[in-house]
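Taken in sequence, the protein lines are chains U, A and E.
Per this note's numbering, residue -2 is the first one in the first sequence, and the count goes up by one each step.
Per this note's numbering, residue -2 is the first one in the second sequence, and the count goes up by one each step.
Per this note's numbering, residue -2 is the first one in the third sequence, and the count goes up by one each step.
Take these hints with a grain of salt, some might be off.
Heads up, the list lumps identical chains together, so a pair's fine if it works in one copy or across two of them.
Computed list of lysine to any residue pairs in SDA-like fashion (alpha-carbon distance at most 25 Å, straight line) [what the hints assert, rightly or not]: (1) LYS245 to CYS163; (2) LYS16 to ASP191; (3) LYS144 to GLU54; (4) LYS89 to ASN280; (5) LYS278 to MET133; (6) LYS78 to HIS190; (7) LYS78 to SER271; (8) LYS71 to ARG14; (9) LYS71 to ILE103; (10) LYS270 to GLU75; (11) LYS16 to ILE153.
These are calculated hints, taken from the structure and not from any lab test.
Everything numeric in this text was worked out from a predicted model, so none of it was measured.
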Amino acid sequence: MSEYTLENIAQVVEILREKSPLTHCITNVVTVKDCANAVLAVGASPIMANAPEEAEEIVGISNSLVINIGTLTKEQIETMKKSAKFAIENNKPFILDPVGVGISNIRNQTPIDIITNSKPSIIRGNLSEIKAIAMMYDILDECTMAKGVDVAQCDIINKDTLISNCNLIKNISEKLNTTIAVSGPIDIISDGHDVYTIENGDAMMSRITGSGCMLGCVLGAYLAVTNPLEAAITGTLVMGIAGELAAKTARDNNKGTGSFGIYLIDELSKLNKSTILSQSKLNKM
Amino acid sequence: MSEYTLENIAQVVEILREKSPLTHCITNVVTVKDCANAVLAVGASPIMANAPEEAEEIVGISNSLVINIGTLTKEQIETMKKSAKFAIENNKPFILDPVGVGISNIRNQTPIDIITNSKPSIIRGNLSEIKAIAMMYDILDECTMAKGVDVAQCDIINKDTLISNCNLIKNISEKLNTTIAVSGPIDIISDGHDVYTIENGDAMMSRITGSGCMLGCVLGAYLAVTNPLEAAITGTLVMGIAGELAAKTARDNNKGTGSFGIYLIDELSKLNKSTILSQSKLNKM
Amino acid sequence: MSEYTLENIAQVVEILREKSPLTHCITNVVTVKDCANAVLAVGASPIMANAPEEAEEIVGISNSLVINIGTLTKEQIETMKKSAKFAIENNKPFILDPVGVGISNIRNQTPIDIITNSKPSIIRGNLSEIKAIAMMYDILDECTMAKGVDVAQCDIINKDTLISNCNLIKNISEKLNTTIAVSGPIDIISDGHDVYTIENGDAMMSRITGSGCMLGCVLGAYLAVTNPLEAAITGTLVMGIAGELAAKTARDNNKGTGSFGIYLIDELSKLNKSTILSQSKLNKM
């Protein structure tokens, strides 16, 4: 229940660059390269492996694990379950990114299996995804169906819905006994006790594929060097600030979404202590 | 058999940005991220899913479907067949991009199965691919083998071969009872009645991977908001114009093919009504 | 045992652009698009296919083959074995890139099977990977475990360890009867008789994913037009020079690793005879 200052966060950013932990990402085929480059850009060392035959060996040498269900296959689901189980048995922290949960049966069953059998350190997603998870655990009675892998229109967090959503996320986090990181125009992070909001970021982030997936992998990298709540705050700030700076560069140079995606990795790779201290819009509720 | 004006096309471009339909792409692992970013750039919302277990659920929530056979696996072939069948039964338009048809048995059998059992709204490809399809349906007696996934040298459409190729494409389109979109230095599009040609584009587009795949997915996005012929014309114009503008920027700044690929997404994301009206080189034959 | 001059190398660079051979890459899902774009950038024509059902057909039409084990699946392992066997039976040169060998059982068994049953023309990797291969063939008694898919700290080649590592690589190459290309701050290439070192490149190359994978595919492209030793020297010089120029552009413009990755493809696509002659840092030991 400690309070995290920007000084703490800036330190975590630097520690990751010093320690360069091995971050294992079992993720989708759409954005896997951007995920690897994002992990490298913030200073960690990524590995991506999908075969169930090597699941335990790879988790065994890794410092943390990311599970992103964006493009599941039967084989990958097996790898995810084995990896999550092995991670929890060996005290390796891991994050679950339940992309598109709520829109198909395997996108519901895979997260349920992983959450129930191998409690993740962090679950991250957009509000529609987190609500879909909450509904499956009877924490919520109803939720709006997401638009594919994107958030439902009514689940976009704004000033008016912030307080109620903060309470909701705190409640879900407490019930599931895990840290929850929700991304949106305003990000909400809770460990069931405290709630933080972050107002960094830019709307351009939702005009490219991979912003959410990269965030999940960056959180996974920070999980290797600090506790889940601080990892979630740090990674969300880092991605939000990088997104903001990248969008500014894209607009200033009359570029579109292609260049924005490249500038985002640029900013992640250049980001340091002073960027965190000067740019962060972090609030404790 | 209506005639499409640039005003019509420009309207379709704007309608896609307003409606942002969900475009489901079952596509190859090489260019899948560029496909998602291209769909986002023109204003639609992409989803990529490969598991047969969720095929019907994902098609069920999507507004249109793209099937690209670039890197087939046994599992993905099953997903494609189920998805195409479900799409046709539920009146969801879909486009088939038979990448490399003619070079292997599974690249022949998969399109045949899909075309025969679940008529696509559009089939798009380079001339070698479309001729390979035509030969399998006894519309053509012979064709030149493509160079891998690239067009055969003798199948590059130019001024001299334009008329005969237009007649050929119209004939194939009529026989297969579907819209055909052939890309090349001059693009040819026919619904079996009318034939349109487009002279936008740049040779640099064939020096990166994914130009054809992105085109297929962009056509798929427009399929969600208009009829196959207009969708094919609109998407082909949009990609061609974006390619032209991106190549100019790359050359003006002494950049190579890496930057060109990024500028292409930039231009897709910036393209609007006035770009269409001022840049289009569309002819009705 | 001939000596390769920069004139020879520059000629190979030009011949690849003229002949544009079909280069088949069975590679990982992380960097597959960059691999295709790198192959296109140096002038060859890439094809990527993973299904065992079409393995022999695709190798049959290809001029050379690349096998990269970065993200193995059961199906892909089958494709690799069939493809390697068919390549060797049909005198198609191929290169093996044993990504992460030493860190899991399938990453050990797959290269062993391929090396033993279908001798590759080139094996390329970082020093940790090549040492792991050597240990499995009893050429070395011990080696340091790599850090995931990255080189172990103690295996980074520098001035002090250069001579001993050159001798080691020459020995491994002789014993395995294949050309070995080791990448690092100083690259070492040997065919068991001669040893060449290359000091081009930039540290930024290890801050993005895919530098090694792209190198493997570029070597594969050159394998289609010359012998393994000259192909390895040419491809390593080409990638190193492109990396150096790209890093300079990134630094001069205060860009990060995202832009660097794009500039790398730019430089590969612009590289010509005069770049080779003016920039190469090639030494025969």
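Hints and how they fare:
| no. | hint | verdict |
| --- | --- | --- |
| 1 | LYS245 to CYS163 | neither (29 Å within a copy, 46 Å between copies) |
| 2 | LYS16 to ASP191 | neither (28 Å within a copy, 39 Å between copies) |
| 3 | LYS144 to GLU54 | between (37 Å within a copy, 13 Å between copies) |
| 4 | LYS89 to ASN280 | neither (29 Å within a copy, 46 Å between copies) |
| 5 | LYS278 to MET133 | neither (32 Å within a copy, 53 Å between copies) |
| 6 | LYS78 to HIS190 | neither (28 Å within a copy, 49 Å between copies) |
| 7 | LYS78 to SER271 | neither (39 Å within a copy, 51 Å between copies) |
| 8 | LYS71 to ARG14 | neither (35 Å within a copy, 35 Å between copies) |
| 9 | LYS71 to ILE103 | both (9 Å within a copy, 19 Å between copies) |
| 10 | LYS270 to GLU75 | neither (39 Å within a copy, 48 Å between copies) |
| 11 | LYS16 to ILE153 | between (36 Å within a copy, 18 Å between copies) |
Comparing the model with each numbered hint stated earlier shows that hints 1, 2, 4, 5, 6, 7, 8, 10 do not hold.
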